[in-house]
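2 protein chains.
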Amino acid sequence: MTSLPEKRHTLAHLLAAAVQERYPNAKPTIGPAIDNGFYYDFDFAGGLESEKAPGEDDLASLEETMRELLPTWTEMSGVEISEKDARARFAGNPYKLELIDEIVTKGESMTLYTAGDFSDLCRGGHSERPAHDIPADSFTLDRIAGAYWRGDEKNAQLTRIYGLAFDTKAKLEAYKAQREEAEKRDHKKLGRDLDLFIIDEKVGRGLPMWTPKGTAVKFELENFTRELERKYGYEHVSTPYLGGEELYRTSGHLEHYANNMYAPIDMDGDKFYLRPMACPHHIRMYQRKPWSYRELPVRYAEICDYNRYEKSGELMGMIRVRKFQLTDGHLFVTPEGLKEEFKNVCRMIVEGMKGLGLLDIVTYRFSKRDPSNKEKYYPDDELWNTAEAMMKEALDELGFSYIEALDEAAFYGPKLDVQAQNVNGKEDTLFTAQIDFLLPQKFDIEYIDSDGKKKRPVMIHRSTIGSLERIFGFLIEHYAGAFPTWLAPVQVRIVPVSEKQVAYGAEILTALRAANIRADIDDANESMGKKIRNAKTEKIPYVLVVGDKEIEEQTVSVESRDKGKLEPVAISNFIGLIQTEIRERA
Amino acid sequence: MTSLPEKRHTLAHLLAAAVQERYPNAKPTIGPAIDNGFYYDFDFAGGLESEKAPGEDDLASLEETMRELLPTWTEMSGVEISEKDARARFAGNPYKLELIDEIVTKGESMTLYTAGDFSDLCRGGHSERPAHDIPADSFTLDRIAGAYWRGDEKNAQLTRIYGLAFDTKAKLEAYKAQREEAEKRDHKKLGRDLDLFIIDEKVGRGLPMWTPKGTAVKFELENFTRELERKYGYEHVSTPYLGGEELYRTSGHLEHYANNMYAPIDMDGDKFYLRPMACPHHIRMYQRKPWSYRELPVRYAEICDYNRYEKSGELMGMIRVRKFQLTDGHLFVTPEGLKEEFKNVCRMIVEGMKGLGLLDIVTYRFSKRDPSNKEKYYPDDELWNTAEAMMKEALDELGFSYIEALDEAAFYGPKLDVQAQNVNGKEDTLFTAQIDFLLPQKFDIEYIDSDGKKKRPVMIHRSTIGSLERIFGFLIEHYAGAFPTWLAPVQVRIVPVSEKQVAYGAEILTALRAANIRADIDDANESMGKKIRNAKTEKIPYVLVVGDKEIEEQTVSVESRDKGKLEPVAISNFIGLIQTEIRERA
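Order-wise, the sequence lines are chains A and B.
Per the working numbering, the very first residue in the first sequence carries number 108; after that it's consecutive.
Per the working numbering, the very first residue in the second sequence carries number 108; after that it's consecutive.
Keep in mind the hints are simulated off the structure, nothing from the lab.
There could be a bad hint or two in this list.
Because identical chains share one entry, a pair is satisfied inside a single copy or across any pair of copies.
[Said to hold, decoys possible] Computed cross-link-like contacts, SDA-like style, restricted to lysine to any residue with a CA-CA straight-line distance of at most 25 Å:
{"id": "1", "residue 1": "Lys378", "residue 2": "Glu205"}
{"id": "2", "residue 1": "Lys396", "residue 2": "Asp307"}
{"id": "3", "residue 1": "Lys607", "residue 2": "Asp377"}
{"id": "4", "residue 1": "Lys560", "residue 2": "Tyr509"}
{"id": "5", "residue 1": "Lys291", "residue 2": "Arg454"}
{"id": "6", "residue 1": "Lys283", "residue 2": "Glu515"}
{"id": "7", "residue 1": "Lys213", "residue 2": "Lys338"}
{"id": "8", "residue 1": "Lys191", "residue 2": "Asp307"}
{"id": "9", "residue 1": "Lys338", "residue 2": "Ser679"}
{"id": "10", "residue 1": "Lys213", "residue 2": "Tyr509"}
{"id": "11", "residue 1": "Lys159", "residue 2": "Gly683"}
{"id": "12", "residue 1": "Lys159", "residue 2": "Ile306"}
{"id": "13", "residue 1": "Lys338", "residue 2": "Asp629"}
{"id": "14", "residue 1": "Lys656", "residue 2": "Tyr369"}
{"id": "15", "residue 1": "Lys396", "residue 2": "Asp629"}
{"id": "16", "residue 1": "Lys670", "residue 2": "Ile251"}
{"id": "17", "residue 1": "Lys378", "residue 2": "Asp412"}
{"id": "18", "residue 1": "Lys291", "residue 2": "Glu458"}
{"id": "19", "residue 1": "Lys378", "residue 2": "Arg415"}
{"id": "20", "residue 1": "Lys276", "residue 2": "Thr357"}
{"id": "21", "residue 1": "Lys533", "residue 2": "Gly671"}
{"id": "22", "residue 1": "Lys643", "residue 2": "Leu513"}
{"id": "23", "residue 1": "Lys562", "residue 2": "Ala631"}
{"id": "24", "residue 1": "Lys309", "residue 2": "Tyr369"}
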């Protein structure tokens with residue numbers, strides 16, 4: 108059977124054949140199969156005026172040409188050819204000649220693959236009977252992009268034509284529908300369209316800025332986090348994003364984590380790092396005074412500034428950034444209290460994900476060490492066995508459903524990863540909870556036990572809802588920008604029917620704002636229909652329409668984004684209803 | 108008339124004379140007049156066992172010896188002496204010999220000053236009739252410290268004896284009382300004693316960490332700031348503490364402000380600065396879309412992370428740090444709207460200072476350029492004249508009382524400095540409001556005016572309550588740690604009379620916390636008196652005492668820090684009262 112990558116590779120040839128037919132002077136270069144389809148790079152520079160590089164508009168007719176050729180491609184096969192023959196055949200194509208040079212230098216043999224009237228220098232991996240194997244409606248040309256020969260911007264610029272291809276038309280359509288939905292939900296696009304955040308080239312790549320609307324969401328996420336933390340007995344602290352060298356020397360970050368850190372900063376002879384993690388800060392906070400076993404667990408929480416070295420090419424919207432704020436926390440626990448406290452951490456994670464409405468996209472991964480991979484893990488079998496057994500017990504007692512992942516633990520201990528699937532179907536780690544016996548040793552952390560002796564606490568590193576940036580990205584995509592009311596940047600839009608009702612609208616606005624509801628008024632000189640459509644585009648949960656009737660009856664007509672048109676109500680009643688919805692984070 | 112510095116210098120000699128009498132083998136080195144008194148450094152190393160260096164306990168009797176000698180110092184005068192005589196006289200004192208070497212090298216003459224039986228090598232500047240000029244009760248020995256010869260730690264360690272001296276006993280007593288009060292209020296001491304913040308050597312100098320109690324105050328200050336900003340029409344944004352090089356190139360910070368900035372950080376080829384100011388970030392935020400004159404003023408507020416290069420020696424508690432959070436904001440205003448908006452900024456400053464209870468320690472300084480100091484200021488006479496005239500009008504119309512300070516403006520515009528006096532009587536700038544015509548030019552900022560043409564807005568840079576760190580330092584000192592209830596880290600302490608009432612106390616605790624009141628319970632095995640004293644030491648606004656009578660009557664007995672013992676009330680009534688006090692920030 109012909110595999111999907113083979114079909115895709117064959118279609119790349121077919122695309123080149125179609126281009127050759129329509130643009131005889133275009134020079135084909137290379138064309139591989141890729142995820143979801145294929146591409147082929149061409150040099151159109153040598154063509155006549157009538158053969159200038161195709162644009163997106165030309166894709167449909169190129170695709171038609173491919174479909175016309177396909178039935179003639181009854182078979183496809185390769186033959187070995189000599190260097191001389193190859194050079195003669197591709198004499199006018201410097202790209203192919205360069206490839207031939209390379210193959211010759213490596214001492215490899217050369218093959219020429221032919222189907223219909225089209226031959227190409229190729230390593231193979233195609234359908235042997237394209238006309239039979241490939242349904243004519245299972246592929247489509249997708250888009251055009253610029254590309255440099257061999258990806259090097261010093262080389263000639265080529266035109267890359269992308270195609271999508273699947274085994275069947277149904278699968279192609281399904282992919283296109285899914286992609287369209289993902290594009291609609293893409294947090295980078297929605298972030299721009301809904302004016303939630305911007306990434307400004309001058310401020311810097313990987314350094315998003317939260318606009319007023321985004322910041323409204325951010326403050327809600329912060330409040331949500333801190334309320335949850337208070338409920339679970341955490342104390343809030345505030346520590347700087349810089350830390351002295353000794354901290355990260357002691358913690359081992361400089362030894363094991365330096366690749367993710369920025370170079371140190373000199374401050375009048377002192378050497379500071381932009382912190383990659385805040386554990387050392389919270390440890391020094393704990394160590395400011397002696398502790399009794401009666402006071403443990405000590406739980407410190409902070410929305411911490413973190414900095415991670417990321418390559419420019421790996422940055423992605425709010426999901427992968429160079430500076431972020433983790434809803435962070437560190438717990439200092441007696442060994443006897445560890446299991447119960449870890450269970451509390453798990454309960455809190457569930458409550459947090461539930462509160463944000465993400466419970467259905469979240470899964471749990473219990474990441475363990477691989478005992479045979481000695482170098483990767485802190486060497487203490489007993490600690491590992493104890494910690495992993497304890498974590499498993501805790502998860503099982505709570506009835507957590509999780510997968511176990513070997514060789515995915517942190518250097519110093521096992522962890523629970525909270526995984527979430529994004530709109531593209533890819534799984535990402537939202538955040539983790541880790542048990543740590545090592546840093547307490549390295550920093551020599553203590554408490555006084557009931558027998559009056561000094562003992563070593565265990566640490567738990569955990570996050571409440573992950574980084575504000577990443578969770579925001581996930582929330583945007585999950586809700587396609589239509590946030591629940593409590594999170595919505597604008598909760599209520601007031602739409603006066605005409606200029607006459609603007610004053611009444613302004614009164615309502617004042618009443619809403621006095622009740623801490625994020626509201627605005629659309630008093631632009633537009634039709635009511637247009638204004639309501641705008642509010643829908645902005646995904647505002649409630650639109651209050653006010654006309655003469657509403658003024659007379661001292662009410663507002665409510666259009667709910669999620670529940671449609673509601674009965675007119677007195678403004679005080681509306682405020683009561685929305686306040687309840689917000690307070691309950693419904 | 109003998110000046111106070113002359114008297115102080117004379118007393119340094121008198122101290123040396125007393126030491127000489129009591130410790131004949133001690134070697135006097137140098138002893139100048141200083142602020143508030145004098146000191147003298149001695150080498151006690153060569154003495155007999157009975158002459159080992161004095162401790163704080165010996166100061167009283169040394170002071171007595173000074174008082175005994177003083178009446179014999181009826182006159183004090185100097186004579187020039189030859190190098191040879193000098194060397195002979197100080198043959199056993201290597202420090203004096205080193206001084207003699209220096210004087211000889213410089214080719215200066217040498218003088219010997221004598222009073223009573225004591226002579227010292229000295230440049231002069233004394234009282235000529237010490238016994239007459241200096242009241243015996245106008246000075247006191249203060250403390251002892253280590254000091255290196257000539258301040259170089261490679262040299263011998265000496266013993267420095269400090270004295271205080273004023274013109275009269277009354278002035279000496281007044282100074283001591285003021286100093287004692289200042290020491291009690293010192294924010295570094297109270298920060299430690301009340302566990303509000305710590306500066307940990309390993310985390311780094313100039314990088315304070317807010318403890319749970321300090322963070323409670325910080326969150327209140329943040330809420331206070333943001334509420335005030337919302338009231339005045341600001342939108343909140345959130346921007347990173349890093350910024351690309353071009354930002355600070357364009358803004359001129361790299362040209363004019365680089366001394367206060369840290370070296371840039373490389374991020375995969377991009378160059379970033381720890382930002383010293385956030386104006387460029389807020390400008391790029393404004394520039395993300397076009398603006399109409401109808402939408403101005405645009406007001407962005409943010410509690411911004413700032414970084415300033417500070418020498419280790421200049422760091423001071425929370426007041427001078429290397430990383431701080433400024434309650435920052437930038438306004439984009441039409442030229443026509445500038446005066447009114449600047450007045451709003453001034454009104455907001457007054458409201459903020461009043462809300463924090465600091466109005467009585469705050470003064471205002473209108474900082475103008477010196478037109479003759481051309482290099483220090485952005486060269487555009489018209490802009491300066493317009494801005495300064497406008498600011499003066501605004502301040503006068505508001506009835507502000509202020510002082511004008513020539514040559515204190517910012518590079519790019521005049522400013523209003525909000526000054527506060529600290530407990531040591533020194534004045535410090537809490538924060539400023541500045542008018543800026545320059546950055547709008549440099550960044551080419553625009554809005555569309557009513558005539559459809561592009562116009563340039565004016566910027567106002569302003570803070571709401573200054574940096575959280577500095578204002579916290581001032582608040583600690585101003586209130587001597589006894590914060591008003593809304594700011595207090597712990598607002599209510601519950602003290603059960605005995606173990607029997609702990610359960611009832613816990614119920615009350617739950618009720619208080621459910622009402623968002625910061626409360627705790629002291630269930631330690633201590634006397635009630637001790638517990639109440641502890642609460643007073645911690646400056647907790649309310650102590651609720653619960654005994655059998657309170658359980659029976661379902662009340663609490665309230666001890667107010669500021670109002671003394673109150674009538675017993677039902678807990679719900681107490682909650683109502685304290686909630687009102689907190690909400691009104693009374």
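A quick look at each hint next to the structure:
| no. | hint | verdict |
| --- | --- | --- |
| 1 | Lys378 x Glu205 | neither (51 Å within a copy, 37 Å between copies) |
| 2 | Lys396 x Asp307 | between (44 Å within a copy, 12 Å between copies) |
| 3 | Lys607 x Asp377 | neither (66 Å within a copy, 54 Å between copies) |
| 4 | Lys560 x Tyr509 | neither (38 Å within a copy, 62 Å between copies) |
| 5 | Lys291 x Arg454 | neither (33 Å within a copy, 45 Å between copies) |
| 6 | Lys283 x Glu515 | neither (34 Å within a copy, 64 Å between copies) |
| 7 | Lys213 x Lys338 | neither (67 Å within a copy, 73 Å between copies) |
| 8 | Lys191 x Asp307 | neither (53 Å within a copy, 75 Å between copies) |
| 9 | Lys338 x Ser679 | between (31 Å within a copy, 22 Å between copies) |
| 10 | Lys213 x Tyr509 | neither (49 Å within a copy, 83 Å between copies) |
| 11 | Lys159 x Gly683 | neither (65 Å within a copy, 79 Å between copies) |
| 12 | Lys159 x Ile306 | neither (35 Å within a copy, 68 Å between copies) |
| 13 | Lys338 x Asp629 | between (39 Å within a copy, 20 Å between copies) |
| 14 | Lys656 x Tyr369 | neither (63 Å within a copy, 63 Å between copies) |
| 15 | Lys396 x Asp629 | between (56 Å within a copy, 19 Å between copies) |
| 16 | Lys670 x Ile251 | neither (41 Å within a copy, 78 Å between copies) |
| 17 | Lys378 x Asp412 | both (19 Å within a copy, 19 Å between copies) |
| 18 | Lys291 x Glu458 | neither (29 Å within a copy, 46 Å between copies) |
| 19 | Lys378 x Arg415 | both (18 Å within a copy, 15 Å between copies) |
| 20 | Lys276 x Thr357 | neither (59 Å within a copy, 54 Å between copies) |
| 21 | Lys533 x Gly671 | neither (33 Å within a copy, 63 Å between copies) |
| 22 | Lys643 x Leu513 | neither (47 Å within a copy, 55 Å between copies) |
| 23 | Lys562 x Ala631 | between (68 Å within a copy, 22 Å between copies) |
| 24 | Lys309 x Tyr369 | both (20 Å within a copy, 19 Å between copies) |
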